[in-house]
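Undergrad: Given the coordinates of chain A, work out where chains B and C should sit on it, guided by the hints.
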Amino acid sequence: MKYVDEYRDEAAATRLLEGIRARATQPWTLMEICGGQTHTLVKFGIDRMLPEEIELVHGPGCPVCVTPLEMIDRAIALARRSDVIFTSFGDMLRVPGSEIDLLGVKAQGGDVRIVYSPLDAVTLAKKHPEKEVVFFAVGFETTAPANAMAVWTAKREGIENFSMLVSHVLVPPAMEAILADPQNRVQGFLAAGHVCAVMGYEEYEPLAEKHRTPMVVTGFEPLDLLQGILMTVEMLEEGRYGVENQYARAVTRDGNAPARNLVAEVFEVSDRKWRGIGAIPCSGFGLRDDYAPWDAMRKFHMEGISADEPEECHAGEVLRGLMKPPDCPAFGTLCTPENPLGAPMVSSEGACAAYFQYGRTG
Amino acid sequence: MCLGVPGRVVDVQPSPIGVPMGKVSFGGVVKEVCLAYVPDVEPGEYVVVHVGFAISRIDEEEADEVFRFLESMDELDEIHIPQPGESDPSLPDRFASPGAATAGGASSGPGSGGAEPSTDDTA
Amino acid sequence: MTISSAGPALSQGPACPIPIDRYPTITLAHGGGGRLSDILVRELLLEAYGNDELERLGDGALLDLGPGRLAFSTDSFVVYPHFFPGGDIGSLAVHGTVNDVAMCGATPKVLSIGLILEEGFPMEDLWRVAQSIRAAADEAGVRIVTGDTKVVDRGKGDGIFINTTGIGVLDEGVDLGAHRIEAGDAILVSGPIANHGIAILSLREGLEFETPIETDSASLHDIATRLRDVLGGDLHAMRDPTRGGVASALNELARTSGRGMHIEESRLPLDPPVRGACEILGLDPLYVANEGKLIAFVAEDRADEALEVLAGHLLGRGAALIGRVTEGPAGRVTQKSTIGGSRVVEMLSGEQLPRIC
Chain A
1 MKYVDEYRDE
11 AAATRLLEGI
21 RARATQPWTL
31 MEICGGQTHT
41 LVKFGIDRML
51 PEEIELVHGP
61 GCPVCVTPLE
71 MIDRAIALAR
81 RSDVIFTSFG
91 DMLRVPGSEI
101 DLLGVKAQGG
111 DVRIVYSPLD
121 AVTLAKKHPE
131 KEVVFFAVGF
141 ETTAPANAMA
151 VWTAKREGIE
161 NFSMLVSHVL
171 VPPAMEAILA
181 DPQNRVQGFL
191 AAGHVCAVMG
201 YEEYEPLAEK
211 HRTPMVVTGF
221 EPLDLLQGIL
231 MTVEMLEEGR
241 YGVENQYARA
251 VTRDGNAPAR
261 NLVAEVFEVS
271 DRKWRGIGAI
281 PCSGFGLRDD
291 YAPWDAMRKF
301 HMEGISADEP
311 EECHAGEVLR
321 GLMKPPDCPA
331 FGTLCTPENP
341 LGAPMVSSEG
351 ACAAYFQYGR
361 TG
Chain B
363 MCLGVPGRVV
373 DVQPSPIGVP
383 MGKVSFGGVV
393 KEVCLAYVPD
403 VEPGEYVVVH
413 VGFAISRIDE
423 EEADEVFRFL
433 ESMDELDEIH
443 IPQPGESDPS
453 LPDRFASPGA
463 ATAGGASSGP
473 GSGGAEPSTD
483 DTA
Chain C
486 MTISSAGPAL
496 SQGPACPIPI
506 DRYPTITLAH
516 GGGGRLSDIL
526 VRELLLEAYG
536 NDELERLGDG
546 ALLDLGPGRL
556 AFSTDSFVVY
566 PHFFPGGDIG
576 SLAVHGTVND
586 VAMCGATPKV
596 LSIGLILEEG
606 FPMEDLWRVA
616 QSIRAAADEA
626 GVRIVTGDTK
636 VVDRGKGDGI
646 FINTTGIGVL
656 DEGVDLGAHR
666 IEAGDAILVS
676 GPIANHGIAI
686 LSLREGLEFE
696 TPIETDSASL
706 HDIATRLRDV
716 LGGDLHAMRD
726 PTRGGVASAL
736 NELARTSGRG
746 MHIEESRLPL
756 DPPVRGACEI
766 LGLDPLYVAN
776 EGKLIAFVAE
786 DRADEALEVL
796 AGHLLGRGAA
806 LIGRVTEGPA
816 GRVTQKSTIG
826 GSRVVEMLSG
836 EQLPRIC
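Residue numbers (our numbering), protein chains in the order written: chain A, 1 to 362; chain B, 363 to 485; chain C, 486 to 842.
There could be a bad hint or two in this list.
With a Cα cut of at most 25 Å, we get these calculated PhoX-like pairs of lysine-lysine [stated by the list, open to error]: (1) A:K106 with C:K641; (2) C:K641 with A:K131; (3) A:K2 with B:K385; (4) A:K155 with A:K127; (5) A:K126 with B:K385; (6) A:K127 with B:K385; (7) A:K155 with A:K131; (8) A:K131 with A:K106; (9) A:K106 with A:K126; (10) A:K43 with A:K2.
Looking from chain A toward chain B, a few residues come up when the C-beta cut is under 8 Å (computed) [said to hold, decoys possible]: (11) M1; (12) A12; (13) P118; (14) T143; (15) T153; (16) A197; (17) V198.
Hint data in this document are derived by calculation from the structure and do not stem from the laboratory. Just so it is clear, CB atoms sit at the ideal spot from N, CA and C, and this is done for glycine as well.
Isolated chain A (complex conformation) (with noise of 0.2 Å):
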């Protein structure tokens, strides 16, 4: 597969790492905010061909992963609806919430589905004009557009029975709390390569600037992870900080314009509550007013429902780079894919799930 292959290629790693290695005379602490960057280099090994100097910690950018857990509870309220048809990405099914997760609420009889794409739920509405269909809008900006597109034609084309959960979060608000926890121990980041693609990375100079640290936007195959940490110990050696981009072959500074233009019609910056961290504000999307009647929450009046997570869900300290999910107690015995306790043992994008997958206890 073009654009794929070469960058798996083993010769170049070889290479990239004994770059990295030549480069490293001091420890450094990196992050990677995107659980598809965790998922690769957990998959490919690459954490472990690192050179001891260099730590990953994994960061919180798996969308499914900070989802509030009374969000969740709001989507099994609507599931369990009759007149309702519940869609969603699959990742989402099983994310427990305060007693059952979306498979269970399926198998108790209530219409879950998987889609591939927002705009097949919208089809789904209107192929089913006797039912109301829920689309859970879970993403972070990358996911935005798709989603804004959803509302978007369901405004345009009158299709009232359709209507979107959000849970939408925003990166740079994350960055800014991790950064400015006095706990922090990152000096460098891998920024979201997909998150870019669409906002570019414009936003992401003043946060390099304030706090003094490297940030290279980084894609999601083994070479641009490898090529990535180089250009990120490179500015650390050097002392450099700012925005440098490895993955310019789909990212450019100012992102995707019609993307961008569309998603800020249809959304606006709303504060958001991150499960395992709390509530950052400015730091997620809601639906504009003009788009109250295909929002979720103001139509199914979900504002009463919330919840706190258990506190044996250690998810907030892994998704802040301060705990390895080996180093929770209850990983792999309280808390395993089967029976997970919080979102990122679940999510195809979690950390949590990368180590146990990927067998790593320590």
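TA: Relative to chain A, chains B and C alone:
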């Protein structure tokens, strides 16, 4: 975040709901994709697809960046660094059966995958 | 709720013997044991896959399979959609059990077919499935000697479920299984993996392919016999990696044998469109189902020959040596990635949901 896979645009067409759609091929698998965010994209171009939407074009020039970067690094071909899980030397390469389908992942020879890696790339 | 899955509108071959206009679908009476049941069995099922023994319609089949040990296996088939590129639930049901018997090192001889039909299941579809059973059984050289048919109320079954049980005959001295697996054994796979799972998923997900992906569903008794004949006691074990894919089969055998196993990602045979589908669905091909592949564990000095036998067989296109058995740790399966790093190949937890976000 999230899974974004590169694919080749096969055709472009307007859709029944008025949104520009198209077909994108991923190594032979063709899927319908919304092309609204890559206006004026043409068949033959590559895009990154996320949840059924093309979110970015792939710049072919920039795609070679990694390989130009490698070229500019000091040549370290002679140094063999043993890696964990190193290939078992008692499994000779001649064991690949004749006419085998493409193996999963990259082969480590030059010019694999259709891109243009550096010409002095050695396995 | 859909009772029958989409497939080509008309069946190939002879027309359904039961008049469709009179009985377009299965009714509860067809399972009642009375006239309609009798008509269904005699005029449709026997017509499709009958033989002397089955036609006796005794309570049980009377068999003379010669002296010696037998291999006995059972499996149930609940695949949906019922019809898919390259096969259907009928052919799958035959191949699946034939293969389990063949993996024991036995020659499959006879099968039973148990059908559970949902009220409303189209008669035409049943006829197609029955013919498919016949074709698969003939190809595998097995006879269907006994069976049962039940009908459940609408809404209580997904159209059609099939159980097949098979008996095979073991030659003297054949001893295959996890207990024979030794450190150093070569691990071979008979061809490209993940085709079946992707063929099914692609129907569900609406994926198109430039060259359509078909199931690899096939009977492995012949290729298995060839391996046994050539390798004799140096063939230690065989396994067909069905649900849960190659990863699950290797994990089970690693655990049962108390050995470790190490494979290399770059050696896994994969058809390019199957690989593309796995990439976009976010699936790891190691965990995707196969229905016409076998994994063989062979004494290390005979690996070359084993590969030749496989590659020389129609069903062994793309066969490859993918790894070897290690001393341990017991039950651990590891994989070297294409860039040289290493990872553990764990048991699958739950169903592999397509990764999207």
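Undergrad: Would the stated hint for A:T143 survive a check requiring a Cβ distance to chain B of less than 8 Å?
TA: 6 Å, holds
Undergrad: Given the hinted pair A:K43 and A:K2, is their alpha-carbon gap at most 25 Å?
TA: Holds, because 20 Å separates the two Cα atoms, which is no more than 25 Å.
Undergrad: Per the CB criterion, is A:M1 less than 8 Å away from chain B?
TA: 4 Å, holds
Undergrad: Is the Cα-Cα distance between A:K131 and A:K106 25 Å or less?
TA: 16 Å, holds
Undergrad: Tell me if the straight-line CA distance from A:K2 to B:K385 falls inside 25 Å.
TA: 17 Å, holds
Undergrad: For the hint on A:A12, just tell me whether its beta-carbon gets within less than 8 Å of chain B.
TA: This interface hint holds because 6 Å falls under the 8 Å limit.
Undergrad: C:K641 and A:K131: Cα distance at most 25 Å?
TA: 24 Å, holds
Undergrad: Return the status of the interface hint for A:V198: holds when the least beta-carbon distance to chain B is below 8 Å, violated otherwise.
TA: Check passed: Cβ of A:V198 comes within 6 Å of chain B, closer than 8 Å.
Undergrad: Min Cβ distance, A:T153 to chain B: is it shorter than 8 Å?
TA: Status holds, d = 6 Å.
Undergrad: Check the hint pairing A:K127 with B:K385 against an upper bound of 25 Å on the C-alpha distance.
TA: 23 Å, holds
Undergrad: Is the Cα-Cα distance between A:K126 and B:K385 25 Å or less?
TA: 22 Å, holds
Undergrad: Using 8 Å as the Cβ threshold, decide whether A:P118 counts as touching chain B.
TA: This hint holds: A:P118 lies near chain B, its Cβ roughly 7 Å from the closest one there, short of 8 Å.
In terms of the numbered hints stated before, the structure departs from none.
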